[in-house]
Structure formats: C-alpha cells, structure tokens
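Listed in order, the protein sequences are those of chains A and B. Numbering-wise, the numbering used here puts 102 at position 102 of the first sequence, and it's gapless, one number per residue. Numbering-wise, the numbering used here puts 57 at position 57 of the second sequence, and it's gapless, one number per residue.
If you are wondering where the hints come from, they were derived from the structure by calculation, not from laboratory data. Predicted model only: the values in this text are computed from it and were never measured. Positions of the beta carbon are idealized from the N, C-alpha and C atoms, including for glycine. Some clues are possibly wrong.
[Said to hold, decoys possible] Partial list, computed: chain B residues near chain A (C-beta under 8 Å):
| id | residue |
| --- | --- |
| 1 | G28 |
| 2 | F29 |
| 3 | S33 |
| 4 | R59 |
| 5 | F60 |
| 6 | K99 |
| 7 | L100 |
[Said to hold, decoys possible] Result set (DMTMM-like, lysine to aspartate or glutamate): computed pairs, CA atoms no more than 25 Å apart in a straight line:
| id | chain 1 | residue 1 | chain 2 | residue 2 |
| --- | --- | --- | --- | --- |
| 8 | B | K111 | B | D39 |
| 9 | A | K99 | B | E56 |
| 10 | A | K99 | B | E55 |
[As the list claims (entries may be wrong)] Computed from the model, here is a short list of chain B residues facing chain A with C-beta under 10 Å:
| id | residue |
| --- | --- |
| 11 | Y30 |
| 12 | Y70 |
| 13 | S83 |
| 14 | S85 |
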Amino acid sequence: DAGVTQSPTHLIKTRGQQVTLRCSPKSGHDTVSWYQQALGQGPQFIFQYYEEEERQRGNFPDRFSGHQFPNYSSELNVNALLLGDSALYLCASSFSGEKLFFGSGTQLSVL
Amino acid sequence: GQSLEQPSEVTAVEGAIVQINCTYQTSGFYGLSWYQQHDGGAPTFLSYNALDGLEETGRFSSFLSRSDSYGYLLLQELQMKDSASYFCAVRSFYNQGGKLIFGQGTELSVKP
C-alpha cells in the first residue's frame, strides 16, 4: 500500500501564475482533504472532496479550487498566486472515522 | 469561534516523560486527536480521545477532559526520534464532513 502520494514535492512559481497540485489517496479511501501549512504553524483546512463533490470549505478565497476524479484522486488549483501562498500543501485521505492519512506535501514557493 | 492552544516548544531528555497540553475553545466537538510531524514530513496520526479519560498506545498516552476544555499527550521513555512537532486537533459538531481544526503545534526537542 503506497499510502497518500502527492506531486510534485517542490514547486517554484512567480506571482500571478497558476499552479496545480495532485494527490492520490490511500487505497480504499474515498475522501480527500487539502490543508495549507505555513512554516511553524498548524495545518489550515482548505476544502474536502467526497464523491467528486466539494463537501466542505475553509476560509480560503475562490482562487483556491479543486477537483476529485472517479478514482478518488484529487487536484488543488491556485490561481493568481500571491507571495502569501507560499506554504506546504498537504493532502489527507480518509474512509470513515477520525483518522486522517497525510501525504508528505508539496512545498510551494512563490517569488 | 474555535481555537486550540499549545505550548510552542518543549525540551526534555532521553528516557524522560513529557506532557504536551492542549486547551481549547469550541462549542462542541466529536473528540480530540493528536498528530506527529517530523521536519518536512507528513503529519501522522497518534491517538484519538472520543470520551473523557486516558487512552494508551504503547509509549504514548492521551487524555481528554471536556469539563475542563483540556487534553494532553504524554510521551514516556523519550527517544531521540520523538523530536518532532505535535499537533492537537478537533472536529466540531458544526463541521460535518471532517474539517479538522489544528493547534499551532508544539515542537519537542529530545536531548541526549
């Protein structure tokens, strides 16, 4: 079992650009959540996908959007990048219950 | 609103016992979770307290008291590999779908 995999591991973009991050959930998991983690902070919830629908959303602007595919994998898209979007983006999958399985994240740097 | 407070840093020596506290302000939640994150790594689930009391998993134990809005993670027989950040997290009754709210994290340094 490969666990939760994310790609790419690192990414450098400039302000105003757009970025797409990808996540494959743990085998058997149908729910994917995305979190943003700034340096020295706890993860902040962006949104969650279940059955290809956005089920819940955190306090993030519409520049942040996502998608879930029939195979449960997911994408996070961020448009019009700002310097403040520089962070570690974590994907977490779950099936039921309280336990989340996280990927190692994508480190995004916006210059 | 909902917030969780943790100490930012804790230092202890190998073999010792350390307690990481988490106090919270939330109007209602399903339970308190703890996650461990090594530098640059994925957060990994450690424990979950749905009910008040102590849950034990090997060297790690976690405690919850809803009446005191308080929980803690207890690490025994500390090892160097326990040096990491530890986060408490809750999922409130008003967040159907599993949004977890994390504390700011406690950086644990284990010294020889």
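### Task
Enumerate the violated hints, using their earlier numbering and listing them in ascending order.
Hints 1, 2, 4, 5, 12, 13 are the ones this structure does not satisfy, whereas the remaining hints hold.
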